[in-house]
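Participant: Those protein sequences? They're chains S and X, same order as listed. Residue numbering for the first sequence follows UniProt numbering, starting at 1 and increasing by one per position. Residue numbering for the second sequence follows UniProt numbering, starting at 1 and increasing by one per position.
It cannot be assumed that every hint is accurate.
The list makes no distinction among identical chains, and a pair is therefore deemed to hold if it is satisfied within one copy or across any two copies.
List of simulated lysine to aspartate or glutamate pairs, EDC-like, C-alpha gap at most 20 Å [said to hold, decoys possible]:
1) K74 - D322
2) K81 - D10
3) K26 - E371
4) K75 - D322
5) K315 - D119
6) K8 - E48
7) K81 - E333
8) K81 - D322
9) K51 - E333
10) K173 - E163
11) K192 - D229
12) K173 - E135
13) K315 - E48
If you're looking for bench data, these hints aren't it; they were derived computationally from the structure. Predicted, not measured: the structure shown is a model, and the values here were computed from it.
Number of protein chains: 2
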Amino acid sequence: MQKFKVIKTDKKSKARRGILQTAHGKIQTPFFMPIATSGAVKTVTPEEVKKCGAQIILSNTYHLMLRPGMPVIKKAGGLHKFMNWSGPILTDSGGYQVFSLSKIRKIKNSGVEFQSHLDGSKHLLTPEKAIKIQETLGSDIMMVLDECPKYPVSKSYARKSMELTTTWAIRSKRAHSNKNLLFGITQGSTYKDLRIQHVRELVKIGFDGYAVGGLAVGEPVQKMYQVLDWVVPELPENKPRYLMGVGKPEQIIEAVKRGVDMFDCVIPTRNARHGTLYVWGNKLGGARAFARAWLKQGLQSTPLGGKFYQELRIKQSKYRLDIKPVDPQCNCELCQNYSRSYLRHLFMTNEPLALRLATLHNVNFYLRLMELIRKGI
Amino acid sequence: MQKFKVIKTDKKSKARRGILQTAHGKIQTPFFMPIATSGAVKTVTPEEVKKCGAQIILSNTYHLMLRPGMPVIKKAGGLHKFMNWSGPILTDSGGYQVFSLSKIRKIKNSGVEFQSHLDGSKHLLTPEKAIKIQETLGSDIMMVLDECPKYPVSKSYARKSMELTTTWAIRSKRAHSNKNLLFGITQGSTYKDLRIQHVRELVKIGFDGYAVGGLAVGEPVQKMYQVLDWVVPELPENKPRYLMGVGKPEQIIEAVKRGVDMFDCVIPTRNARHGTLYVWGNKLGGARAFARAWLKQGLQSTPLGGKFYQELRIKQSKYRLDIKPVDPQCNCELCQNYSRSYLRHLFMTNEPLALRLATLHNVNFYLRLMELIRKGI
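The shape of chain S in the complex, shown without the other chains (with noise of 0.2 Å):
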């Protein structure tokens, strides 16, 4: 049975359009997943990512597995019954926050040894747990255990790396026991003969999907662009294509335009925690003629040059007076009942409704973002 099928590409681009069937449901792509790191969407609840218009969250196997810990995630049945939330959920392998967060690692071809950020208890992450755990929290998308190498890495250092990446994820493969996605990760960091070779690798072994890894750690954007060139060519066409951690709404942009089909990024909601909102900027008269300028023209030549959007830093003492909404041409529920006065002060008084409101907005556009991308293909 397909679990993914491409329903339109674009003319002038890579873009295309697609259905991913999971166990909780059908996810319309391109898609934007926000981060539930520990089980949560940081302040907002399940129901209003859900009415914000998203279709699928990101959940962390590191932070999981460390707290609450798999007894409490088994005694609840899955993580969707813990978390309350009935759409799909992707999770990814741990890999990543392994080598970002823990004090200590070292790397062996069995798996990563790391201490726990929170109480410094040693754990072993090997491929085939990392595969246990996620399924054990009933994840739709399974990420296998990867290991992403820092920027600039030496070649030498990301070819070592990306073997024990492909060994781990034979075993992975192997490990994978329920009807569940099953993804890979691409690596090879900025060098193209090893991004191909281990591309190759992969699909050879194969996977219901496919995601690029080791971008977004500190590369120039373009970088991050020719990675996709080199990439996306040699991927099935019939296989989704998730670009990790990635990005800001223009990087967004010029990815599904290579082809990317999946995304997952903390910017919205980090940066609204941060009092730094997404507004639909002016020169193309907002959402709705973005769209149809889109939808007209053709992605590529989306006149992308100028801003479609502003950052607007809520805390700047400008918007003291100005009892504007935020975006007068956002739905969410900051911009239909506070004002940017209101919203500055809840930030200048460390209300934590601040927070909320802000995530939910940020939240809104990019799954917006989305919607547009999907009608503009």
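Mind docking chain X on chain S? Use the hints.
Facilitator: Frame of chain S, contents of chain X only:
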């Protein structure tokens, strides 16, 4: 025109039901006011507070005059519009916070000089200014500026303070220039003769309602009930009575029995943020049975000897694997959608969603309690 009407009195106690007419609608008494210190009930939206059954909220003059300041409130067209709350608002005079929060304060006949706890700036709050600010806020129920002495306090200080409060009350009434309600505040510490003298002075001046101030400041709870037994009989039947800053569920019930109509307290919201949740007790068979017993047996003879509620400390490890709702008898968003295990996890991982769900639960409990009290009278 009569703003307050008693519609029912209890047979066995001084408890009464009534209706209070404000510029933003009618309120059923006795009622409880969730606290929106800086123009927001911490972590939740006005819409949610309303859904919990809140008829009115309380905001703090002291906090709002310092931040965001009156120009911002004026620009928004008043506090109701600023915070998007269409129901009634009671504001305190700022007196209590001047005494409890500001670093330096100097009491003069003209008013009280204080230093902002935020930036050290100096301010003079006079009875006239307190009224003016509250009128700018658009408060439905305004409080006069008073001095609230600590407990214990010498009789001579209590008398002096009380006399000042009386002259301020006279000036407040004179300064009152709109049609919204203005309440006097009776003081006198725990001295019977002072209490009776002061309430008579204030009734003579004549206000739309009367608060019993200077309680819940550290005195034994029996003293508090005693003061109510002295003061309430001196108050006119046809004016609402407000016990400021009270309190625990059983204290509210005891005060209602003594003829009090209005309450406010940080307990439900603050406790929620610390992980203490109110759960209806089993001895009375839950909320419905509690109300039924009350209705049948009368308020005074209700079996309150048995604890009718419990305080559940959700961070305790015994809730780690507890997949029951916090209170199976509760209809709030928390109890309808999430387990104790999940809420505990949110608290242990410092997810802001924890504070919000717990707040909604406790506010719901308190407002449900008031509903039961009204039904019981």
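Participant: Look at each hint and say if it fits the structure.
Facilitator: So, going through the hints one by one against the coordinates:
1. In this assembly of identical chains, K74 and D322 lie within 20 Å of each other by CA distance solely across copies; the values are 12 Å between and 49 Å within a copy.
2. Taking the shortest Cα distances, K81 and D10 never come within 20 Å of each other, neither inside one copy (38 Å) nor across copies (47 Å).
3. For the identical chains of this complex, K26 and E371 are intra-copy neighbours only, at 15 Å inside a copy versus 44 Å across copies, given an alpha-carbon limit of 20 Å.
4. Within a single copy, K75 and D322 get their C-alpha atoms only as close as 49 Å, which misses the 20 Å cut-off; across copies the closest is 8 Å, which meets it.
5. Taking the shortest alpha-carbon separations for K315 and D119, only the inter-copy value of 18 Å comes in at or below 20 Å, while the best intra-copy value is 35 Å.
6. Taking identical chains as interchangeable, the C-alpha atoms of K8 and E48 are never at most 20 Å apart, the minima being 30 Å within one chain and 42 Å between chains.
7. Taking identical chains as interchangeable, the C-alpha atoms of K81 and E333 lie at most 20 Å apart only when they sit on different chains, with a minimum of 15 Å there against 26 Å within one chain.
8. In this homomeric assembly, K81 and D322 come within 20 Å of each other (Cα to Cα) only across copies, at 13 Å, whereas the closest approach inside a single copy is 42 Å.
9. In this homomeric assembly, K51 and E333 come within 20 Å of each other (Cα to Cα) both inside a single copy, at 10 Å, and across copies, at 16 Å.
10. For the identical chains of this complex, K173 and E163 are intra-copy neighbours only, at 16 Å inside a copy versus 82 Å across copies, given an alpha-carbon limit of 20 Å.
11. Proximity of K192 and D229 under a CA criterion of 20 Å is satisfied intra-copy only: 10 Å inside one chain copy versus 85 Å between copies.
12. Proximity of K173 and E135 under a CA criterion of 20 Å is satisfied intra-copy only: 13 Å inside one chain copy versus 69 Å between copies.
13. Proximity of K315 and E48 under a CA criterion of 20 Å is satisfied in neither setting, with 24 Å inside one chain copy and 25 Å between copies.
In summary, the structure is inconsistent with hints 2, 6 and 13 from the numbered list given earlier, while agreeing with the others.
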